[in-house]
Amino acid sequence: MPALTPDTIRTATETLSDLTDYLRENPDPVEALALVEPLLDEYTGLPVQLADTLRALARTLQEAPDAPRTAQVDLLITELRTAAWEQADQHTLHYVLDDLRDLYGNSGAGEPGCGLCR
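Residue numbers (the working numbering): 798 to 915.
In short, the hints are calculated from the structure, not lab data.
Among the hints, a few may not be true.
Label pairs and their computed distance ranges (CB to CB) [said to hold, decoys possible]:
1. D896 / L820: 14 to 20 angstroms
2. Y892 / D815: 22 to 28 angstroms
3. L801 / A864: 19 to 25 angstroms
4. A853 / L900: 32 to 38 angstroms
5. Y840 / E883: 16 to 22 angstroms
6. L900 / A864: 44 to 50 angstroms
7. T812 / L854: 17 to 23 angstroms
8. R856 / T889: 23 to 29 angstroms
9. R807 / Y901: 30 to 36 angstroms
10. D896 / P862: 46 to 52 angstroms
11. Q859 / G902: 44 to 50 angstroms
12. L858 / E834: 29 to 35 angstroms
13. D899 / I806: 33 to 39 angstroms
A virtual CB, placed ideally from N, CA and C, is assigned to each residue, including glycine.
Make a model of the complete structure from these sequences and hints.
Below, the structure written as structure tokens:
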């Protein structure tokens, strides 16, 4: 694995920004759902990854040998862990994506004619 740098992380966030811009251009809903699917994966999606990252950051800061041991630092670390729990709760968004995919996949959106004619 190549070394992580602020620039490699910035590239990832720029890709996410590009996706947001693309979605604002009103692409085909089925394509949009397919592009967002990896972000909302139940096990590896963005909410889960961000939660894990925040917990790991909190642990790194707390266990650093030269970390200041103050009430303010403890409070900030607690806030990171609280934010991690809040992010992890968003893992259920994959259910929303599943339901949307079912609706758009079964709606016959690209087919000509009214619903009775299909």
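### Task
Check each numbered hint from earlier against the structure, then list the numbers of those it violates in ascending order.
Of the numbered hints given earlier, the structure breaks none, since each of them holds.
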